[in-house]
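Add chain F to chain L, keeping to what the hints say.
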Amino acid sequence: MPSPFIVSPEQIMQEKDELARKGVQMGREVVALQYENGLVFVAENVSATLYKISEIYDRIAFAGVGNYQEYDPLRIVGIEQAEVKGYTYSREDVTARWLANLYSQVIGNVWRQFDMKPLEVELLVAEVGEPNDGFDHRLYRISYSGQVADDRNFSVIGGKSGEIRRWLEEHFRPNLPLDEAIRLAVRALESVRDREAEGPLTAERLEVAVLDVTRGRRKFRRIPREELTERLSTPPAPSE
Amino acid sequence: MKEEWDRLPQHDFLALLREKYTHLDPVRAFQVVAERSERRGPALPHGTTILAVRFDGGVLIGGDRQATTYTEIADRNIEKVFEMDEYSAIAIAGVAGPAIQMAQLLRTQFEYYEKVEGTPLSLEGKANYLAHVLRQNLPAALQGLVVVPIFAGYDPRRRRGRIFKYDVAGGRYEETDYYATGSGGKDARSTLKKRYHAGLSEEEAIRCAVEALLDASDEDVATGGFDWVRGIFPLVKVITQEGARDVPEERLGEIAEGFLNAWRADFAARRNATRSED
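Line by line, the protein sequences are chains L and F. Residues 1 to 240 in this note's numbering are what the first sequence lists, from first letter to last. Residues 1 to 278 in this note's numbering are what the second sequence lists, from first letter to last.
In case anyone wonders, no lab produced these hints; they're calculated from the structure. Among the clues, some could well be false.
Unchecked claim - Okay, derived cross-link-like pairs now, SDA-like style, lysine to any residue, Cα gap no bigger than 20 Å in a straight line:
1) 186(F) <-> 176(F)
2) 115(F) <-> 104(L)
3) 20(F) <-> 88(L)
Said to hold, decoys possible - Restraint-style ranges between C-beta atoms, simulated for each label pair:
4) 203(F) <-> 218(L): 39 to 45 Å
5) 172(F) <-> 13(L): 45 to 51 Å
6) 226(L) <-> 116(F): 41 to 47 Å
7) 19(F) <-> 175(L): 46 to 52 Å
8) 116(F) <-> 12(L): 27 to 33 Å
9) 197(F) <-> 84(L): 41 to 47 Å
10) 226(L) <-> 142(F): 55 to 61 Å
We put the beta carbon where it would ideally sit given N, CA and C, even for glycine.
Just chain L, with the same shape it has in the complex (with noise of 0.2 Å):
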């Protein structure tokens, strides 16, 4: 009889955290935060059509980064988690910190299978409060783990997200409107790029979305390429 296999749980989570951590750390940043409507988004992406960027439902938006083909499905699969809710109770009963907790689980239960490959995705997922409602907006990491983080004010996901959010703690101000706010964005984006190997951020390398407050029902909208390529080239105001 063959001697069984032996490895240590230390050595396979290890060897597991190695594996997503560097998955995670291929995918480019995505950018989120506050701005006097509600919250914008950047990413760069190449991609016209593969969003990193998407709408989950009325005031939830989703976010990811690391294999496309893994992070898609989850997408997909919260469409439905939401759809269900809403249509079972109601649409104000679906909110971004539930739906954080179920990533968390599924995200957290791959991660802890023996015999699977963990996920290599990092998400976010957003909601916008609403006004009159004393309700915050709200900020929620996914980790490749599974582990939840809620955020104030911005967040980053991707690879290098620990320096672009250092580099926001110190420039980040609240209530920007939305242009100067995308600036922002992509200036924090820039600030871990090596801008004389890969040129500047411009509008078609970049996808962009907001979840605004003035909007009806659906708050999520798609900032299409052309009215980006405008917003960026609107002369900074002087105080930048």
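Showing chain F alone in chain L's frame:
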């Protein structure tokens, strides 16, 4: 990944019964009854009059205490108004068995949700969930097992009382001021219609409800009124920002006595007037 989702804890208690504890699934149980029962339906006790009144700062919900089978009193002491949680209650008319069971199911569901999710279901969500449950009861309802609820509560998000009425097909309709249903519902509604006014206070709402219940029991033989002999009075709850509480029986009795004394005096005067004319 599909299996991962299936393993997640659910917030839907009814779905849990349907999938895991099928012997407890009320929809299934009543469908079996419905298929076997005769066209007219078995002789089952019916709950009779229930009502709800919205007032400034909250909502009142109540009902009489009698269950009636055809022309027979099945129970003098039945409760038709159930607190669902701090901020909502349900009153139930129709066939008593499934109605009470439905109230229990809802209470369990709302509490289950609150514990699993760590946050209570919105009033809107509770009202909608009840509509789903009723819709699933439709086959049984068509066979005679009709359940007619009123759902009322204080909506902390909108800061006001709200009243929802339902039809057997699961149609959900919000009433802005008042509603009454059950066998004496129309009589109670007539009273509420005449007594209701803008800016109704909690105290006025309680008076309106007592008068409506008295009128319902006066006009409808199936509805029980104030049973002074046995000391059984209708059940009335008020729900405000501070939560739900019962209106004390003594208070209800006082109000009812006031109405009865006034009416007694009035009828005596009428009799005297008729006599003196003769």
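- Message: For the hint 41 to 47 Å, verify it against the beta carbon of residue 197(F) and that of residue 84(L).
- Response: Given range 41 to 47 Å: holds, Cβ gap about 43 Å.
- Item | Outcome of range test on Cβ distance (residue 203(F), residue 218(L); 39 to 45 Å) | holds, 44 Å
- Message: Can you tell me whether the CB distance of residue 19(F) to residue 175(L) sits inside 46 to 52 Å?
- Response: holds, 47 Å
- Confirm or reject the claim that residue 172(F) and residue 13(L) have a C-beta distance inside 45 to 51 Å. holds, 50 Å
- Measure nothing beyond the straight line between the CA atoms of residue 115(F) and residue 104(L); if it is 20 Å or shorter, mark the hint as holding. holds, 18 Å
- Could you grab the alpha-carbon distance between residue 20(F) and residue 88(L) and see if it respects the 20 Å cut-off? holds, 19 Å
- Task: Evaluate the given range 55 to 61 Å for the C-beta pair formed by residue 226(L) and residue 142(F).
- Result: The hinted range 55 to 61 Å holds for residue 226(L) and residue 142(F), with Cβ atoms some 57 Å apart.
- Message: For the hint 41 to 47 Å, verify it against the beta carbon of residue 226(L) and that of residue 116(F).
- Response: For residue 226(L) and residue 116(F) the Cβ distance comes to about 45 Å; the hint holds.
- Item | Verdict for residue 116(F), residue 12(L) (Cβ pair) under range 27 to 33 Å | holds, 31 Å
- Message: Check whether the Cα positions of residue 186(F) and residue 176(F) lie no farther apart than 20 Å.
- Response: With Cα atoms ~17 Å apart, residue 186(F) and residue 176(F) stay inside 20 Å; holds.
In the structure shown, no violation is registered for any of the earlier numbered hints.
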